[in-house]
Every structure is written in structure tokens, then in C-alpha cells.
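A.B. asks: Using the sequences plus the hints, can you model the full thing?
The listed protein sequences correspond, in order, to chains A and B. Per my numbering: the first sequence = residues 1 to 126. Per my numbering: the second sequence = residues 127 to 262.
No lab work stands behind these hints, which were simulated from the structure alone. Don't take each hint at face value.
Below, computed lysine-lysine pairings styled on BS3-like, alpha-carbon distance capped at 25 Å [what the hints assert, rightly or not]:
1. A:K121 <-> A:K56
2. A:K25 <-> A:K97
3. B:K200 <-> A:K58
4. A:K121 <-> A:K58
5. B:K232 <-> A:K56
What follows is a list of derived Cβ distance ranges for each label pair [to be verified]:
6. B:S156 <-> A:M3: 41 to 49 Å
7. B:S156 <-> A:K97: 21 to 29 Å
8. B:L204 <-> A:I109: 24 to 32 Å
9. A:Y52 <-> B:S259: 13 to 21 Å
10. B:V134 <-> A:F106: 45 to 53 Å
Covered stretches of chain B (chain A as the covering partner; in silico rule of three or more C-beta atoms under 8 Å from a C-beta of chain A) [claimed, not checked]:
11. 158-165
12. 169-182
13. 208-222
14. 244-257
Where a beta carbon is used, it is the ideal one built from N, C-alpha and C, also for glycine.
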Amino acid sequence: MSMRTPLKTARYLGSAKEGADHFWKQRLTAVSNAVLAVFLVWLIASLVGADYATVKAKLANPLIALGLLALVTSGAIHMRLGMQTIIEDYVHDEGTKIVALMLNTFFVIAIALIGIFSVLKLSFGA
Amino acid sequence: MDASTERVRPERPLSPHLQIYSPLINMVTSILHRITGAALYVGSLLLVVWLLAAATGPDVYDYVAALFATWPAKLILLGYTWALMLHLLGGLRHLIWDTGAGYELKTTDILCWGSLALSFALTALIWIGVAASGGL
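C.D. replies: Given below as C-alpha cells:
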């Protein structure tokens with residue numbers, strides 16, 4: 001068994017090249033969200049007060065379904081990164097922070113799964 | 127810390143915090159960007175509830191649509207629209223700043239006030255548009 005610390009073996013090998021990962025993904029999804037948010041506003045505005053058959057037909061349209069899938073995916077990633085930053089800024093107790101970060105991930109995955117499942121069911125389901 | 131290293135810390139001034147500064151527009155829009163981001167995070171439930179209702183069937187969809195048409199729900203949706211617009215415009219402002227541009231005092235003021243004003247204008251425009259098409 002080696003008595004060396006992980007730092008000892010990692011030292012002088014350079015950075016992991018992942019330091020900007022969080023920053024970059026937040027910006028990447030910000031750009032896609034900017035476009036998809038306009039799409040969402042248009043979609044909702046066009047369906048306010050519409051009956052079920054109209055809503056179902058519109059949401060099952062391939063282009064609209066793809067747009068919604070993109071929005072849910074891009075939005076979920078952006079949400080997770082943003083809330084992660086908020087938690088890390090304000091929750092200082094290590095245990096609470098880890099639990100909060102886990103709940104953040106679970107919430108975002110739940111949102112993404114519900115959204116994706118619903119869109120797919122509207123497209124492929126009865 | 128054991129007794130030998132324990133010392134009484136001299137009273138030194140703390141670094142200035144929020145109460146020291148007079149609020150500037152870039153401070154206000156900065157915290158609003160975070161608050162609206164958190165609000166949109168929770169508000170994403172509205173979207174997926176609506177999608178799930180549509181995927182479930184006409185009865186559930188009609189129930190949820192009727193729920194969203196009540197006045198308290200409309201107020202929440204109005205707030206959601208504004209939060210989305212402000213966060214969207216704030217995000218674009220930050221993308222400009224990310225390039226290193228727009229840090230002149232005058233420019234930051236214009237960008238911050240502009241995003242705030244435009245967020246209200248766009249929210250009004252969207253809701254008037256929906257109301258005019260008979261959606262409300």
C-alpha cells in the first residue's frame with residue numbers, strides 16, 4: 001500500500017482541464033435557452049385558452065416536440081448549474097450542502113424526465 | 127486551538143458589506159438575476175405539470191387549464207413571464223460582459239436599466255398580445 005497522498009501523485013501533471021467546465025456549460029445552455037425561451041413564449045401564447053384537441057395536436061407536431069425536448073434538456077442543465085452555485089454560495093454546513101446539492105440534482109432530473117416523457121407520449125402515445 | 131496559542135484578537139475593522147454601499151443599478155439587477163433564476167427553477171414545475179396534464183388526457187388537461195386560468199394562477203404566470211424576460215435579458219447582458227466588453231460605468235448603467243425596462247415592456251407586450259387575441 002502506497003503511503004503517498006493523491007496530491008503527491010497528481011502534482012506537476014498539470015491541471016485537470018475541467019476548471020472552466022461549469023462556467024462553460026452555464027454559458028452554452030444560456031445561449032440555447034435564450035432562443036428556446038422565445039419559442040416557449042410563442043408556444044404558450046398561441047395555446048392559451050385552446051381546447052384539448054388543439055393543444056394535443058400542436059404538442060405532437062414534430063418540430064414543436066423537438067423544440068420542447070431541447071428546451072427541457074437545455075433548461076434542466078442550466079437550472080442544475082445555477083442552483084448549484086446558489087447552494088454553494090449560501091449553504092456553508094458541509095452535510096447540509098451535500099444533501100442540498102443531491103436534492104438539486106434529483107429535482108432537475110425529475111423535471112427533465114417528466115417533461116421528456118410527456119412530450120414523447122404526446123408524440124408517440126395514444 | 128490549545129491554551130498556549132490562544133490569543134485575544136484585536137478589534138479590527140471588517141471588510142465593508144452591503145449596508146455600507148448605496149444601492150447601484152448593477153447591484154440590483156445582479157441580485158434580481160439570481161432571484162429570478164431561482165424563481166424560474168421552481169416555476170419549471172408549471173411547464174412540466176402542463177405538459178404532463180396534456181399527456182395524460184382531456185379530463186386532467188381541462189382541470190389544469192382551468193386551474194391556470196384562475197386569478198391567483200394568472201398572477202403567478204405574469205410573474206413567471208417577467209422573471210423569464212428579466213433573466214433572459216440579464217443573461218444576454220452577462221454574455222456581453224463575458225467577452226470583456228461593456229464595463230464602462232455609463233455602459234453598465236445603460237445595460238442594467240435597459241434590461242430592467244425592456245423586461246417590463248416585453249412582459250406587457252406578451253400579455254397584451256395574448257389578451258388581444260382573446261386568450262385571456
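A.B. asks: Each hint: holds or not?
C.D. replies: Evaluation of the provided hints:
1. Straight-line distance between C-alpha atoms of A:K121 and A:K56 comes to about 10 Å, which keeps the hinted pair within the 25 Å bound.
2. A C-alpha spacing of about 22 Å is found between A:K25 and A:K97, which places the hinted pair at or below 25 Å, so the restraint holds.
3. For a cut-off of 25 Å, the pair hint linking B:K200 to A:K58 stands: about 22 Å separates their Cα positions.
4. The straight-line distance between the Cα atoms of A:K121 and A:K58 is roughly 13 Å, inside the 25 Å bound, and the hint therefore holds.
5. Pair hint B:K232 plus A:K56 does not hold up; C-alpha atoms about 49 Å apart against a cutoff of 25 Å.
6. Hint check: B:S156 to A:M3, Cβ distance near 47 Å, so the stated range 41 to 49 Å holds.
7. The hint said 21 to 29 Å for the Cβ distance between B:S156 and A:K97, and at roughly 23 Å that hint holds.
8. Range check, B:L204 to A:I109: about 29 Å between beta-carbon atoms, so the 24 to 32 Å window is met.
9. Under the hint 13 to 21 Å, the C-beta atoms of A:Y52 and B:S259, about 19 Å apart, fit the expected range.
10. For B:V134 and A:F106, the Cβ-Cβ distance of about 46 Å falls inside the hinted range of 45 to 53 Å, so the restraint holds.
11. Taking a C-beta to C-beta cut-off of 8 Å, the region 158-165 of chain B contributes 3 residues in contact with chain A, enough for the three needed, and the coverage statement holds.
12. Here's how the region 169-182 of chain B fares: 8 of its residues keep a CB closer than 8 Å to some CB of chain A, so the rule of at least three is met and the hint holds.
13. Under a criterion of three residues with beta carbons nearer than 8 Å to beta carbons of chain A, the stated coverage of the region 208-222 of chain B is upheld, 6 such residues being counted.
14. Remark: the region 244-257 of chain B is confirmed as covered by chain A, as 3 of its residues place a Cβ nearer than 8 Å to a Cβ of that chain, reaching the required three.
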